[in-house]
Every structure is written in C-alpha cells, then in structure tokens.
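Q: The whole structure should be built from the sequences, with the hints applied where relevant.
Protein chains: 2
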Amino acid sequence: METATETRLRADTPDGQPLYKGVRLRLTQSLMAGEWRPGQAIPSETRLAERFGVSLGTVRKAIDELVAEKILVRQQGRGTFVATHTADRTLFYFFHIAGRDGRKETPQIELLAFIRGRADADEAARLEIARGERVLRIRNLLRLAGDPVVIDDIVIPAQLVPGLDEESFGSREGTIYGLYQARYGINVIRISERLSATLADPDSTRLLALPAATPLLRIARVAYTYHDRPVELRQSLVDTSAHEYVSDLVKQ
Amino acid sequence: METATETRLRADTPDGQPLYKGVRLRLTQSLMAGEWRPGQAIPSETRLAERFGVSLGTVRKAIDELVAEKILVRQQGRGTFVATHTADRTLFYFFHIAGRDGRKETPQIELLAFIRGRADADEAARLEIARGERVLRIRNLLRLAGDPVVIDDIVIPAQLVPGLDEESFGSREGTIYGLYQARYGINVIRISERLSATLADPDSTRLLALPAATPLLRIARVAYTYHDRPVELRQSLVDTSAHEYVSDLVKQ
DNA sequence: AAGTGGTCTAGACCACCAT
DNA sequence: TGGTGGTCTAGACCACTTA
Chain A
38 METATETRLR ADTPDGQPLY KGVRLRLTQS LMAGEWRPGQ AIPSETRLAE RFGVSLGTVR
98 KAIDELVAEK ILVRQQGRGT FVATHTADRT LFYFFHIAGR DGRKETPQIE LLAFIRGRAD
158 ADEAARLEIA RGERVLRIRN LLRLAGDPVV IDDIVIPAQL VPGLDEESFG SREGTIYGLY
218 QARYGINVIR ISERLSATLA DPDSTRLLAL PAATPLLRIA RVAYTYHDRP VELRQSLVDT
278 SAHEYVSDLV KQ
Chain B
38 METATETRLR ADTPDGQPLY KGVRLRLTQS LMAGEWRPGQ AIPSETRLAE RFGVSLGTVR
98 KAIDELVAEK ILVRQQGRGT FVATHTADRT LFYFFHIAGR DGRKETPQIE LLAFIRGRAD
158 ADEAARLEIA RGERVLRIRN LLRLAGDPVV IDDIVIPAQL VPGLDEESFG SREGTIYGLY
218 QARYGINVIR ISERLSATLA DPDSTRLLAL PAATPLLRIA RVAYTYHDRP VELRQSLVDT
278 SAHEYVSDLV KQ
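First to last, the sequence lines map onto chains A and B.
According to my numbering, the first sequence holds residues 38 to 289 in order.
According to my numbering, the second sequence holds residues 38 to 289 in order.
Calculated directly from the structure, the hints in this document are not laboratory data.
Hints may be right or wrong, so weigh each one.
Since the list can't tell identical chains apart, any single copy or any two copies may satisfy a pair.
[Unchecked claim] Straight line, CA to CA, 20 Å or less: simulated SDA-like cross-link-like pairs of lysine to any residue:
no. : residue 1 : residue 2
1   : 98        : 113
2   : 107       : 207
3   : 58        : 113
A: Now the structure itself:
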C-alpha cells in the first residue's frame, strides 16, 4: 500500500540520463560545493542510497566511475574518501619524468619567478577566459638528485587564486595542486599534455647547465577540474639526457 | 531439493580470487586460444553465465574489465565483440601524433627496410627472450599529408611471426597490429612508451628532409599482448615542427 | 518478435577495519 | 561488535538491433 507513487521505477531521469549518472552528478556537485573536503570520507554507500532514494547498486555504479577517474578513493572497511593531492599521488599521476631505469623520485622545486600579467590570445583560448584577464606567471626549476632537469612555466588565472602571492606560494606545504585544492577548493582531476622536441634557448641552457643547442623535451599541459574546466597551463622543458617521459596508457 | 552441492555460494575461488576474476581469466584464455576471433561476437552474457555457472552480474563484471581495457567492445542490441586492429582503432589508441590543431590523420606508410637479425642484450631483455634469438627488423617512413614526419624502427621476435617476409608484410591489408592479429593471432592490447628529445642524425635528416641538427622526438615503445607479454619493440623518431605527441591520460 | 546489452532493485554474505 | 566496502545472486524492465 504505497502512496500515489505508482509510477514504476524508471531507468531514466527526466533528461533521458541513467539514474546513476544523476547520482554521479549530485556527488560531484557536493564535491565542488565543498560538502566533503579532500581527505575526508563521504557518507557510506547505504546512507547515500537513502539520501538519493536509489538502490545501493546504483550508488555503487556512480562511485565506481568517480573512483576510476581518481576523484574518490575506496578503502574497504573504512569508507570512501575524497582524493587529495599528496606528494605520492602527484608523483604517480601528474609527474611523468622518470630515470632511464624507470624509477621516479620527488623533484626538489626552486621558485625562480612569480609575476602578475595578462593572458595573451592563445592563453585565454586555452584557459577559456577573456583575453587580457589577469594571470599569475610562475617559473620553477625542478631538480632530481640535485641536478636541474625541468623548467616549469605555469600560468593560472589570478581570479581563481585570490590573495595568492609569492610569499604564500613559496611557503606552501606539499604540491602546487595540493595548494589549489586546500586553499581554493580547486581540485585538479585530469591533465592533457602535448609533447614536442625543441632546442634549448640561452635561458634554458643556463638554468639547466647544458651545452649550447641541447635538444629538450617540451611539454604543454592543461590541467582540468570538474566538468572539464581548465584551470592551469604549464610548459615544461625537460633535459632528457638522463631522464624520460613515461606514457603508460591504460593500466597505470 | 538440490544435489549434495550444499556448499553455499562462495565469493572466492580456491585461490582466494573473486569469482568474476576467474570468469575474466577463462574469457581471456578463450580469446588467446582463438575460440572467438577478432571482430566476432562472443556468446551472450546469459549464455556465458550458464556456461560458467555464475550469475549474469558476475559475467558482466568480468566483461566490464575487458571492455575497459579495450579487449572487448559492447554494442547494445547486437552483442559483445572481440576488438580488432582496424585503421580507426589504431589511429585512436596506438598512434599519438597529431597536428598542432589537434587533428589526427592516417599516415601513409613506406617500407624502407626488412632485415633478419638477432636480438642484442637490451632488446632481449625488453622482449623477454634470449639474447641472440632471431628477430625481424623493419624500418618504415610515415608521411602525413604527404610530408615525411616519422621514422619507425620495429623489432619483433621472428619466432612469433613464422613465414613473414618482406613480400607478405608489404602487401598486408590494414595495420601492422592488424597483421599480427589476423595472421598470427597475436593481439596487441597495450603499449608502454618512453619519450625523449634527441638530435637528428644524418640518416634521419635525409629521410625526413630536415635541416641538420633538428631536434626530434624519440619514442621507445613496447607492445604487449595478454598477460603483459611483450611482443614488439618500436622506436619512432618524430619531426615535431608541425606535429605533436598527444598524451591524454584518463578519459580518452 | 526475439535476442542482446543497459539499468535498477533487493537482499544476502564476506572481508576488512575500527572500537 | 558494528560499520564499511566487496562480491554474488535473482529477477525485472528498458533500449536497441535484427530479422
């Protein structure tokens, strides 16, 4: 004897999407809104099923997708947690430079420049902002085992990180994406990279202590948050004489 | 009133693995044995559930994994098919060079050399074969829009492709991985690549019609079949003056 | 109309973790 | 001991393709 809700269980939401896609959307919306902070547990699957009025299996299917995209992390017996940008995770998923032997190590980062500027046409297009909008330009030198190996040039819309200055940027604990996440709630969940070979310019040869005209690996990265919103550009120049870029698609 | 099989449904197989992992293994074994050929449909989920004596959901979970790894392809209403190395799939999953505008096009391939030789220590280690074993060495020139862009040097154990000669290799229809698959039942399902920057040597400058000392992108690839067995080495030298290597981890 | 994969449910038990 | 995720089942209906 139920109420008038005799409309049978329907596979589709009003907009023709499967139910679990709707649950997934509501989960990411709660994540974006900061209802559950990075490192915290989200409610149990049972509780979420009650909250959304769906079965446990449907909640699990939604969470399955977010886990596959490394937005959530399951831990049997403990709960499901919002992924954090720890040093380990960054090294594993967002840093692709390894030694010839395949080993990765955490780079030491030296801040070379922290400048305010405005987006040029190309940057504006790739960041999906207006040309001329204020941006921060950050240059880092990355050392591996003490040797300078990578020059990073980062561009981020100033609007996304209000109040960020050289002092607070330099004194952050943890990774840069960790800073975006902890201080501004910006969660980088995906990156796209394009690679090419280039010759080191005088600046690079000096910073990386190279002979003139050394070939370098150039990586142009765009970092995205939820719903494929771009939040950061980054160009890396890599001395690949002792290191390589590792691309292990599928089955990381 | 069942038979003595009153042992309750158990989550684990004797070796402590979940049931669906066992189903997955039996599926890949059938694939390796050639029970279902590339392009063909595997039995329906209902039929497989009966055959393996498990529930439909368990079969689905096993197939889910193989679909995620692009070993199988589902088509609603039609069936589940063994993935084939068509030109389209190769272009999408195994060819990462695109124009600056992000567009990919199918390369024209010119066979430059087809030589028999023996594996050196490094090749043997990476192919997991004995040093000195017979290999085929193949060199290809890849053109995009008519311009030479990539030099491919391929090494494959001769034992894996008995009877393959320059004539039959050159007259193949479709892709190289398609040839391995169709003629030898070797299904390349995953590749691992390491990238570095290097200077073009005289050979490369000539073949790619470049100025001397142009920086090139060097890609060292290992191709794997089921159970992570390496089957092919490939070095690509890429002129990145008009093209780039695209690395879109997650959400391809 | 029949067969396929896709979604959703409800319920059971297991493995693991914290207390 | 209680709560969490992990696995497995059985059954229903939907969406799509093919004949």
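Q: None of the hints should be skipped; say for each whether it holds.
A: Going through the hints against the structure:
Within a single copy, residue 98 and residue 113 get their C-alpha atoms as close as 16 Å, and across copies as close as 18 Å, so both meet the 20 Å cut-off. Neither within a single protomer nor between protomers do residue 107 and residue 207 lie at most 20 Å apart by alpha-carbon distance, with minima of 27 Å and 43 Å respectively. In this homomeric assembly, residue 58 and residue 113 come within 20 Å of each other (Cα to Cα) only across copies, at 18 Å, whereas the closest approach inside a single copy is 23 Å.
The earlier numbered hint that this structure contradicts is number 2, and it is the only one.
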